[in-house]
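Enquirer: Single-letter residue listing:
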Amino acid sequence: MVEKAIAVTPAQAAASRLKQRYAAERRFKALGISAIVLALGFLALLLITILSNGLTAFVQTNIRVDVTLDAETLGVDPVKPSADALAAANYGQVIKNAMYKAFPTVESRPERRQLAALVSSGADVGLRKMLVANPSLLGSTQSVWLVADDDVDMAMKGHITRTAGAEGSRLTDAQLGWLDALEKKGDVAKKFNTALFTVGDSREPEQAGLWGAVVGSFFSLSITLLVCFPLGVATAVYLEEFAPKNRWTDLIEVNINNLAAVPSVVFGLLGLAIFLNFFGFPRSAPLVGGLVLALISLPTIIIAGRAAMKAVPPSIREAALGLGASKLQMVTDHVLPLSMPGILTGTILGMAHALGETAPLLMIGMVAFIVDIPASPLDPSAVLPVQVYLWADSPERAFVERTSAAIMVLLFFLGMMNVVAILLRKKFERRW
Amino acid sequence: MNAIPVTEPRLSKVSARDVNVYYGQKHALKHVDLDIRPNDVTALIGPSGCGKSTFLRCINRMNDLIDTAQVTGSLTLDGDDVYDKNIDVVQLRARVGMVFQKPNPFPKSIYDNVAYGPRIHGMARDQAELDEIVMGSLEKAGLLAEVKDRLEETGTGLSGGQQQRLCIARAIAVAPEVILMDEPCSALDPIATAKVEELIDELRENFTIVIVTHSMQQAARVSQRTAFFHLGELVEVGDTEQIFTNPQHPLTQGYITGRFG
Amino acid sequence: MSDHTVKSYDEELAHLTNIIARMGGMAEAQFASALQALSKRDSDLAARVVAGDTRVDELEHEVQQFTVRLLALRQPVASDLRHIVAALKIGSELERVADYAANVAKRSLVLNQLPPVKPVAAVLHLAHLVQEILKDILDAYIERDVEKAIRVWNRDEEVDDLYTGLFRELITYMMEDPRTITACTHLMFMAKNIERIGDHATNIAETLHFLVVGTPIKGERPKGNTVDTE
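Residue numbers (the numbering used here), protein chains in the order written: chain A, 26 to 457; chain B, 61 to 321; chain C, 227 to 456.
Read the hints as simulated data drawn from the structure, not as lab findings.
Each residue gets a CB set at the ideal place from its N, CA and C atoms; glycine is no exception.
Heads up, a few of these hints could be off.
Label pairs and their calculated CB-CB ranges [stated by the list, open to error]:
id	chain 1	residue 1	chain 2	residue 2	range
1	B	310	C	311	27 to 37 Å
2	C	287	B	205	38 to 48 Å
3	C	262	B	199	55 to 65 Å
4	B	205	A	278	49 to 59 Å
5	B	71	A	272	23 to 33 Å
6	C	361	B	246	43 to 53 Å
7	A	271	B	71	39 to 49 Å
Please put together the full structure from these sequences, using the hints given.
Expert: Below is the structure:
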């Protein structure tokens, strides 16, 4: 009749449940923390990779040469040269002469070609600018820093081997020797790569810049903003405040929500079919790019706008209507100002998204090789993400670092737009 | 059904005859005949869901905001049919102001809150006139002394009672003839409530006031006429003193003495 | 104490005090006139006192209606509630005081038909004491003076003693001269009425104490009246 002792008293059972609960909480917290660590880890990996690849692109090797701006070589009148003559003069030859003079022992034609090839083929542009700005320099000898060829740049940055006779070296042994000599004299230095931010695309990496793509992106986004902001806000206002609540408006709402999820390349096809084929807009122009991006961003703005307006409490609307405001006055005087932070945040995020869109722009042809900086939204241009794509595709070694640099610039702009969105939101946040 | 004979229409500010309200299929307000006397406070009392707020919102056509609401019968303001097709609802709401249960000042400055109504109705020709209207309304609402140094601060920074008085100031700034109040004190503490009740007492000199309240004690304190609603019907209406000392209808007696509802 | 936030409430309470004050004044005046009619054997005055009682009754109705209205519409609590309930009670006390004064006047009409008797002076002596007490308590009400009320409350013994003495005097007088029995009997009833006025004044004192302090007066009411219980 002996009763076995109860295995667990009620108090013990409660204590063990408590322990289990704490353990479960700890596990949950650990999971959360590890998820965050993993995500941050990948982010750090991405940033480190890009930075390590791209930072060097911001400097460019330059070679110092004594250049004689000799009128005869240039082919201009020594006394009174016309501006056109100065602009069209043969600066390339002047540079070659300077190089030959620096290394007088080099005599054979092939060797001389190699010597001249140390300097970038586009270095004459700098000289031209100098002389056109200051024609009095004609005839003088100036010590100038000229942009080096991309192979020299890669060698100096250590991406191509500098040991003579090694495999994979793009510089001949002679060139490597001349380079060492110049370096010993202190005539080789890395300077800030202004070309990256001032010129358009180029076949030669040392002459390639992002400015064309930046301007193209700017034009595209301006068009996008001009089109989709008024349209999006007006649509959101109509749907939220004025549209009758029936099956049709439900259908429209469902469709808008779905449009936000459509792959952007489809919008590119739409742009191709309608803007290019039907309306005949110029290919590769930011106008068309902007319009396509506007179509992509429109659902985002409409949805953000509606959500922001829904958040305005009905008591405010009733108060306005009760005072004798018409529905339109109620919307413009109260609902819109109060939902503007939400709308703006949504717009900026939509713009940031549009900045990084590549696929639809490829469809409408903004993938062409564009050298000139576009002067208007109707000129052909590239955009930043497309530029990244093009450079990633190029074979030259120097484009590798430039691709990463372009990505960094793109990320910078995206980051700035997000910061602006956060600041705006904080500034306009109100409590009811 | 009416226990008291109906007042002469010209003696009443707002007149309801056989007013019915339907929310879809639901018959929320049934055959209401009621007269609101000018420059008096009329209280509408009754248990939850009895239709008193529904009736109140018919007077300034706030029920129009509800899609399923349908109003039949005649509701007149100084003899003009409120639901007439030619009536401009915006103008109607300038003549009939409303104060809501939860104080809802705009998230703007105190000045702008009060100035909004006069601005949209073009009541002031210049800034000086607008200032006058705003100051006058704040004064009448008994709020000026407390806020005159901080008119630029947001209205939402005031205490609950002050916010409600701000809403009252905002409503009277458009110089309405009738002020509708939907449980204006239910979100306020006793002291703030007392201040609002004193304000209502002072306001009735210039305005006709209809107040819905779920506190019959408040109705007793504040009103001259009381109407008791039950399940959508108007059960009894009369002078407040008579309703609270000797109600005629057993339902009224039961509700007031707390025997049901 | 500061005013109510709702000013009309203060106005109503002041109105109530005002009616009571007027009633008190009227009751005092009626009593004084009745005594005057008695001492001067003035039948016209006595008749006017009798007629004037209806005005006091009207005021009492007004007090009743007004307090009911206040109770229904203001839901008074604490000191306001005590004020209103006190007004109701005091109103009814004062109405009784005025009634007794009218009774005295009525009896003096009869007395005036009979030859004057000596004990009238003693009755007037009792009456003047009661008049003093009545005035004191009405002053105390206006001033809300509890000390005065307690003093009035304690003086009831004095009234009762005087009444007992007067009772014996009247009996003695009647036994000495049986022709004065009619007059003296009337005087007996008058004395009783006057003593009752004193009792009502004491009641008002108790009510006033409750009004101001919030608790009833403690202790036995001092009773010197051994006559009615013997």
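Enquirer: Identify every previously stated hint that the structure contradicts and give their numbers, smallest first.
Expert: Number 5 - this is the single hint that the structure violates.
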